[in-house]
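**Q** Residue numbers (our numbering), protein chains in the order written: chain A, 10 to 329; chain B, 3 to 269; chain C, 18 to 142.
Treat the hints with care, since some could be wrong.
Said to hold, decoys possible - Going by beta-carbon spacing under 8 Å, a handful of chain B positions derived as facing chain C: (1) 42; (2) 153; (3) 193.
Claimed, not checked - With a straight-line Cα cutoff of 30 Å, these simulated DSSO-like cross-link-like pairs (lysine-lysine) come out: (4) B/266 to B/113; (5) A/268 to B/113; (6) C/74 to B/113; (7) A/323 to C/74; (8) C/123 to B/113; (9) C/43 to C/90; (10) C/115 to B/113; (11) A/323 to C/94; (12) B/113 to A/208; (13) C/123 to C/74; (14) A/323 to B/113; (15) A/323 to C/90; (16) C/115 to A/78; (17) B/266 to C/43; (18) A/268 to C/90.
I should point out that these hints are in silico values taken from the structure, not numbers from a laboratory. Every residue gets a Cβ at the ideal spot worked out from N, C-alpha and C, and that includes glycine.
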Amino acid sequence: MRRLALLATTLLSAAAACFAAAPLPYQAPRTSWGDPVIEGVYTNNTNVPFERPAKLGNKAVYTAAEYAKRRNARAVVETTTVVTDVHYETADFGLDPDQSAMVTNPRTSILTQPANGRMPPLRPDAKARSDAARARQQEHAFDSAQDRPLQERCLLWAHEGPPLRPVGYNTLVRIAQSPGFVVLMTEMVHDARVIPIAKSRPDFGGLPRWQGNSWGHWEGQTLVIETTGISGKVNPRGSAVPMGPDGKVIEKITPTGPKTVRYEFLVSDPTLWDVSWGGEFPMEITDDPLLEYACHEGNYGLPNTLRGVREEEKARGRTR
Amino acid sequence: MMPTRSPLVAMRAALALLLLAAGVPARGSDVPRTAAGHPDLNGVWQVLNEANWDLEPHVATQGAVETLGAIGAVAPGVGVVEGGRIPYLPTALPQRDANREHRRTEDPEAKCYLPGVPRATYLPHPFQIVQSDTDVLIVYQFAGAVRAIAMAGHRDAPVDSWMGWSNGRWEGDTLVVDVTGLNANWLDRSGNYASETRRVTERYTPVDANHVRYEATIEDPAVFSRPWTIRMPLYRRLEPDARLMDFKCVEFAEELMYGDLRRKEAP
Amino acid sequence: MVLLAATGSTGAIAHHSFAAEFDIDKPVDFRGKVIKVELINPHSWIHLEVTAADGSKETWMIEGGSPNQLLRKGFTKNSLPIGTELQVVGYQARDGAKRAVGRTLKLANGQSLFFETTPIPEPSR
């Protein structure tokens, strides 16, 4: 009898300790129509690399001590330029990530899936197609404006997604809400994804879109967005060929505090990868305004680049 | 003998017109409202007029590209300018005429430039108003143009931009938006234009659940002798699947803008 | 100051637009007076009036970065007044136009135009 009482007391204490230790998840305020409030202008500036350094293996999160040391480490910026290249100095314009506030994030990489935090390889057949496409593209890389990358043409930038990812500078995201809709847009290049909230996938008429056809629904406080039908003009990360008809991106946005959300993503396409890849990063409301990044209207660089190549060809006698 | 309408019907119609002119929603209207009591402007909207061809009253004329035949021709319009004509300063008219002459290559719309305010409103494309309890965002199908209307914390434009800097407030049931910091831009396909010193005041007044009365007053002492106003209805797109689609027109403008820089093989 | 002479180059064009737009073998180093500032994207442009050695004046366009972060830090369209003298070290456009990417931008007193940065290593090929 005494043993039973002891056991009961132990169990009750353990239960109490569990409940005391587990903090209640953040309860976001609600819009007047009942959706969790996630609207605002956010920054996702970070020094966390997209892919995990290979030497870290499957280590997904730094310890508190390790993070304290590296939270101010220089960001590794994904870009085709190197600072010693023929380029302006990004820091002169405040465009280094380290020159702007970063969102707290003790992760070792944005990618969390696969477990090693690195992109899965393309399927062998997809890699063959991709390599061939890349070779063709490079043969004609400067033939015309239409042969330049989407980014240089100011059509679509890779970080706009889906999925979103931090982009090194001007890395702001606006979330807007109204009854039945959520809008996601990045500063660069002002593309706004108007996402209907629905009980099931709406009929998009079989029509692709540059950023796919998205629809969302709330699971508790998490907005779950599914995107399919990404246009064949867009190639996903690591591939020079587009997604197939079963390509899909799932995004999840969950408020985690009065000024923060967690953004998660999962990308899958059985024609390109044998496994899905995905990850997460936090975003934090910023007092800074999101400014217009008009791109195409000021894109002197594109015709100047083509002009330069045409001059070189003329000098070498390769064109009329 | 012609049948006549009952006097009561005529009076009711006159009253509705008076109220419409005064910017007051007709009595008994079903303008949806937000929890805060303001008109709910959420939805997909579009104009039904020829303002984008030419804001002023105009007859049908040959288009800038003759090979498009009747498809490229300028549709006639009764005009949307209060008072009929845009009050250009005499010194500013030559620029308008030069614009008109070179519109095939110089119209920013042809180059897929962001259209600015108020032209974004009356392009032949829908736009969506995204209105929450606190914020208003307008997303335009044309070139993916976007405007955030600051409903609080108004500040001056930190820089000039194509879509301008918008500070909004409610005056009764009218959403009033002050737009400054706009780049110089054209106002229609006929070369009407305004400079970077312009200030635009928009007024969105719902008439009923599916119509909004839109007015825009343009003030630009560098180009016009006085402020002037355009006025037009906005119609709700009522198709059940009405939605914005992609019109990322940069790819349609590249040949026009950069075609001469294409590589030509040596003979 | 001195406009360094261009030397010919037959190096392969890298598949990278800045290297295709500007020529690493056409370095420039001069002073000029600001005549126009374009705070635009994707790159800002500063227009300078440069006085050549023989006294003739030329207009140069200098390419820089997106101004959006500068604007968020308080920079405005009036922060770089017309007439300010700038020192530019950079690379000239491949097509020979009076256009350059500004590798460093300094005020006449040697101070960095916008932000002080760490010394830039010599470019490698």
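**Q** Are the hints correct? Go through all of them and say.
**A** How the hints compare with the structure:
With a cut of 8 Å, the hint placing residue 42 of chain B at the interface with chain C is violated, because the nearest CB-to-CB distance is about 33 Å. Here the hint on residue 153 of chain B is broken, as its CB sits about 21 Å from the closest CB of chain C, past 8 Å. Given hint, residue 193 of chain B at the interface with chain C, is violated; its Cβ is 23 Å from that chain's nearest Cβ, farther than 8 Å. Taking the CA atoms of residue 266 of chain B and residue 113 of chain B, the gap is near 23 Å; set against the 30 Å cutoff, the hint holds.
Restraint check for residue 268 of chain A and residue 113 of chain B: the C-alpha separation of about 39 Å exceeds 30 Å, so the hint is violated. The hinted pair formed by residue 74 of chain C and residue 113 of chain B fails the criterion: a straight-line CA distance of about 33 Å is larger than 30 Å. Between residue 323 of chain A and residue 74 of chain C the alpha-carbon distance is near 29 Å, which keeps this suggested pair within the 30 Å criterion. With a CA separation close to 35 Å, the supplied pair residue 123 of chain C and residue 113 of chain B exceeds the 30 Å bound.
Of the pairs offered as hints, the one joining residue 43 of chain C and residue 90 of chain C is violated, with about 33 Å between alpha carbons and a cut-off of 30 Å exceeded. Distance check on the hinted pair: residue 115 of chain C and residue 113 of chain B sit about 25 Å apart at the alpha-carbon level, within 30 Å; holds. With a C-alpha separation of about 39 Å, the suggested pair residue 323 of chain A and residue 94 of chain C falls outside the 30 Å cut-off, and the hint is violated. With a CA separation close to 40 Å, the supplied pair residue 113 of chain B and residue 208 of chain A exceeds the 30 Å bound.
Note on residue 123 of chain C and residue 74 of chain C: the hinted pairing holds, with a Cα-Cα distance of about 20 Å set against a maximum of 30 Å. Distance restraint check for residue 323 of chain A and residue 113 of chain B: the Cα-Cα separation of roughly 28 Å lies within the 30 Å cut-off, and the hinted pair is therefore satisfied. Using a Cα cut-off of 30 Å, the hinted pair residue 323 of chain A and residue 90 of chain C is violated, with the two alpha carbons roughly 44 Å apart. With a CA separation close to 47 Å, the supplied pair residue 115 of chain C and residue 78 of chain A exceeds the 30 Å bound.
Only pairs whose Cα atoms come within 30 Å are accepted, and residue 266 of chain B paired with residue 43 of chain C is accepted, the gap being roughly 26 Å. Simply put, residue 268 of chain A and residue 90 of chain C have alpha-carbon atoms about 21 Å apart, close enough for the 30 Å limit, and the pair holds.
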